[in-house]
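A.B. asks: Okay, here's what each chain looks like letter by letter:
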Amino acid sequence: MTDEDELRHVLKAAPPEFDPVPLSALQDRRYNHPPPRRVIAVASAAVLVLVIAAGVVFLSRERSPDGGGSTSAPPYTAADTATQNRLAQSAPCTRLPRDLSGAGAIAGFKTVAVVNCRIAERTFAGQGEWEVLVRQVAISGVPQLLDALVEPNDPATPNTACSGVGYLPPQFVLVDRAGNYLHPRFPTDGCGAPKASYGRAVKQVVWRDVSVQRLRQTRSATSVASGCAQAWKNENSIEDSSGIPSSAGGPVFGSTPAVPLKACIYRRAGDPMAGNLVRSVTLKGPDATSLRSALGGVGPTGSCPAQPDYAVVFAGHQYVNVELGGCWRVRRDDGGHTTLGTADPQQLAALLRLH
Amino acid sequence: VEGTSVERGTDDAFAAFVAKRSAALLRTAWLLTGSEAAAQDLVQAALLRTWTRWDRVVRKDLPETYVRKVLLSTFLTWRRRRWLHETPMPDEVDTSAPDTTAEVELRAVVRTVLETLPRGQRAALVLRFFDDLSERDTAAVLGCSTGTVKSQTARALARLRADGRLNGLYDGRDERVERP
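As you go down the protein sequences, you meet chains Z and L in turn. Residue 1 is where the first sequence starts when you use the numbering used here, and the numbers rise one by one after that. Residue 356 is where the second sequence starts when you use the numbering used here, and the numbers rise one by one after that.
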């Protein structure tokens, strides 16, 4: 092999085509695999020295952080509400910690508050929907939770089919009176999954919200008020339209009875694929009928460049995608088949108040 | 508590990223691992690790870069596990299929040849010639110097030249390679 370009071509041609992975596959994929291997905690000193000398990290990531053995949780004394609130504000709210503490560390830690940080979505009147960081403190169930956290990990069960579910570590932290905190690990069963006792203990914890911090807006007030999605992709531009049969024309939503139509109007800006909601228009009665007709032109001819402005017109759960410019392409459904039609620019402009 | 498992704490951006990029990542992973099952495991591991940092990754607008780094670092540090010898079969194997002899043969040759390379060289080769990264970007992904990338790539190319089995596999017509 002397030609790098040739190698490039060979490498690009070799891998099989894969379908995109649906998120559910990440969660649910099952393996016929034995459980993760545990590194034997008791290694001979000589081997350990050799390993360290060689600079090799030999500790499996699946190794029990507490090294096995049972411990007991120290008595829990909750700080007063004001102190807990203060501690909650200073607790780290990274969603996923890097270093998790095992049973031994937890048993030696004087917890006075358990603080949970969760990301949620909240709607604020007239200000849209926001992703928020909610800080919470546990107000009940903490002793049981601490007891569950100091349980040792079960040894790996050999030759067992284990679920391939990926578990994220606990999202809460244990805080002591000085504001020190621990990210606890959860005790695992033979397959590396959280122990049932831990799951029960977590479910029994009652949380009180301490603060809500806005992180980013996920939907504008317009989107919330109109019911239109904040962003929508222009299907006429993201998919190749060349193979789509032309529509013979006729009002869209043919068999659907007369219902109000909602047009969500989008404009593509930074994102090359999805446009952001600009505004919405709802049409009823004769106007809705006119809009159905205005969207019912026959298929376009010639090349149709993608347009930055487009609308998605809904009749209940059905919708058509119409470009507001260029060929005024309408991507519609004709009896279960996607076809490409066109819209009447003048009628559409009047009905959707485009100017 | 939210986020105990992926399915509880998921968000749309991550789901969209997985949907958009997973197929390409699987192809990269296939070149690194040489098998579809191992590629799926590698990508799954990389995506799960990316998920655990998703907020930070998205804030820096670096999901592509980050997941590639994770993919490569996971690959380079992956310990050989017993279960890699076990390949789950799909439910239905007794179905007709078009003749893909050429592709299968190409895959077999590429896989066999790449397996002769040390992981570091294979990683450098895949990033440079499959993902088309520059030497600098490859170094950034692998966490090494550009000099190391150069030397790893040069050694890999030398081995491939000496091996000779990839010679003439590309006929110059398109991305798909005809049977040699």
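It is worth saying that the hints were derived from the structure and are not from the lab. Just so you know, even glycine gets a beta-carbon here, dropped at the ideal spot from N, CA and C. Careful: at least some of the hints might be erroneous.
As the list claims (entries may be wrong) - From the derived model, a few chain Z residues whose C-beta atoms are all more than 10 Å from chain L: (1) 20; (2) 110; (3) 152; (4) 166; (5) 221; (6) 301; (7) 303; (8) 338; (9) 347.
To be verified - In silico contact screen, one side only, chain Z against chain L (beta carbon under 8 Å); selected entries: (10) 8; (11) 10; (12) 13; (13) 15; (14) 21; (15) 154; (16) 155; (17) 158; (18) 168; (19) 206; (20) 209; (21) 210; (22) 214; (23) 304.
A.B. asks: Are any of the numbered hints broken by this structure? If so, which, sorted upward?
C.D. replies: Checked against the structure, the hints that fail are numbers 1, 4, 15, 16, 17, 19, 20, 21, 22, 23, while the rest are satisfied.
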